[in-house]
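These protein sequence lines are chains A and B, in that order.
Number 128 in my numbering belongs to position 128 of the first sequence; there are no gaps in the numbering.
Number 196 in my numbering belongs to position 196 of the second sequence; there are no gaps in the numbering.
Hints are not guaranteed to be accurate.
[As the list claims (entries may be wrong)] Straight line, CA to CA, 30 Å or less: simulated DSSO-like cross-link-like pairs of lysine-lysine:
1) B:K257 with A:K121
2) A:K185 with A:K227
3) B:K244 with A:K57
Keep in mind that the hints were calculated from the coordinates and are not lab data.
Every value quoted in this text rests on a predicted model; they were computed, and no experiment measured them.
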Amino acid sequence: MEHDADEMMTVAAARELRDGEVCFVGIGLPSTAANLARGMHAPEVVLIYESGTIGSKPTRLPLSIGDGDLAETADSVVSVPEIFNYWLQGGRIDVGFLGAAQIDRHGNLNSTVIGAYDEPKVRLPGAGGAPEIAAQARRVITIIRQSPRSFVSEIGFKSSLGAADQVVITDLGVLRRDGELTLEKLHPGVTLEQAREATGWDLRVADDLSETEPPTAEELRLLRELKAA
Amino acid sequence: MADVTTLPEAIRALVRDGDSVALEGFTHLIPFAAGHEIVRQGRRDLELIRMTPDLIYDQLIGMGCARRLVFSWGGNPGVGSLHRLRDAVENGWPGPLELEEHSHAGMANRYAAGASNLPFAVLRGYRGTDLEPRTNVAPITCPFTGEELTAVPALRPDVGIVHAQRADREGNVQLWGIVGIQKEVVLAAERSLVTVEEIVDDLEPRPGAIVIPKWAITAVAEAPRGAHPSYAHSYYDRDNDFYKAWDAIARDRDAFKAWMEEHVLWSTTPTR
Numbered sequence: 001m002e003h004d005a006d007e008m009m010t011v012a013a014a015r016e017l018r019d020g021e022v023c024f025v026g027i028g029l030p031s032t033a034a035n036l037a038r039g040m041h042a043p044e045v046v047l048i049y050e051s052g053t054i055g056s057k058p059t060r061l062p063l064s065i066g067d068g069d070l071a072e073t074a075d076s077v078v079s080v081p082e083i084f085n086y087w088l089q090g091g092r093i094d095v096g097f098l099g100a101a102q103i104d105r106h107g108n109l110n111s112t113v114i115g116a117y118d119e120p121k122v123r124l125p126g127a128g129g130a131p132e133i134a135a136q137a138r139r140v141i142t143i144i145r146q147s148p149r150s151f152v153s154e155i156g157f158k159s160s161l162g163a164a165d166q167v168v169i170t171d172l173g174v175l176r177r178d179g180e181l182t183l184e185k186l187h188p189g190v191t192l193e194q195a196r197e198a199t200g201w202d203l204r205v206a207d208d209l210s211e212t213e214p215p216t217a218e219e220l221r222l223l224r225e226l227k228a229a
Numbered sequence: 001m002a003d004v005t006t007l008p009e010a011i012r013a014l015v016r017d018g019d020s021v022a023l024e025g026f027t028h029l030i031p032f033a034a035g036h037e038i039v040r041q042g043r044r045d046l047e048l049i050r051m052t053p054d055l056i057y058d059q060l061i062g063m064g065c066a067r068r069l070v071f072s073w074g075g076n077p078g079v080g081s082l083h084r085l086r087d088a089v090e091n092g093w094p095g096p097l098e099l100e101e102h103s104h105a106g107m108a109n110r111y112a113a114g115a116s117n118l119p120f121a122v123l124r125g126y127r128g129t130d131l132e133p134r135t136n137v138a139p140i141t142c143p144f145t146g147e148e149l150t151a152v153p154a155l156r157p158d159v160g161i162v163h164a165q166r167a168d169r170e171g172n173v174q175l176w177g178i179v180g181i182q183k184e185v186v187l188a189a190e191r192s193l194v195t196v197e198e199i200v201d202d203l204e205p206r207p208g209a210i211v212i213p214k215w216a217i218t219a220v221a222e223a224p225r226g227a228h229p230s231y232a233h234s235y236y237d238r239d240n241d242f243y244k245a246w247d248a249i250a251r252d253r254d255a256f257k258a259w260m261e262e263h264v265l266w267s268t269t270p271t272r
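From just these sequences and the hints, can you work out the full model?
Dropping the structure here:
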């Protein structure tokens, strides 16, 4: 089945999530991928949104982290201090699922500013929940489109630190942090040369570099259904 | 004891030029009607505090009400930038805007410390990030274990404003759905205003609802659809189409000003 690079990225990210895990979800691509996983191989995954909804099972993709559907379908709704203090800092989150504007070779994420902090070229939204999610979840899945502007040698602002156990899913492939990010998979049709050109540093490549399984018809059907709902 | 009053009266009595003002509501129950009344009354030099500035602070900033912003995530959720916030930070329009920026966990704990009448809260956070040297936090050592943690200063806004589903005629407030940081803001603030969808005779119990008693609130005012384009659980849904449409309105200074004139300055009814 024909698919585009964003669909491959979302499907690859969804596959990283294991059934039964407790996942703290960011909005946008992370939320799309997490809900795809819930519809596919991980029906028992527990999705937690920073608005305080625990065990949300949205019927359509939320635009914000606090859409009403997230609360209506949740097992429990708690306050914002509680979600960060008891549930995240309390050590109950298996996976943090995050996006960002920029990433460096150590997995550090920038979602704050491009250019000087006091005289920014682009003022981005800011850190939000990410710094503590990145530091306190047992592992981190990052989803980000790969280009020289996003994969940078010098990150403009360290909003969140790279995690010891971190996988980065892009539109080109899959990288895992082993001290530094290491390319371990290329998506079908992507060349190593393309991945290197889209990286602002000398990209480390795994000895056993392999190809991502293309999206199955079922994965694509469900993803498109989710996005159309 | 809560003064049950009108929205214009409440804003006139509670919000002064130069105040620190927190209008909260985490995606849900954002007090848009109260924010619009602040714009209409022409308040200036405010220190605006909010975890997620959202469209309401984009509007207040663009209308020149703010001198300073304390926040943790300043985007249009699922859509992109807050263009009025960006224009203020990047170009100083309509005036310079000082920023104090935190993480969500930091802001949540700052409100909780304020509500608890403590000078600061403690969390594991900020350490090693570029936020740490840029903002108002300090390292602190646990006196029992020696663990290095982060202290964040309490938030004690002059005014805390939230929206809720309903209040009774005495000013007891009831809210449900995503409860966010509403209770903490009311209890942390020097003066507080709760706008509500409706004032009713009796607060019938609801699953998961919290009640803030009248004696912990300064003023209550009825503002039907007062959270639109955010939402009030059980009353109306989040107007996601409006959040998307705001991107084009706010991108352009003139389009923004025209929209604010038509829908806020010359109107006292909700925007839709």
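List of violated hint numbers, smallest to largest: No numbers; nothing is violated.
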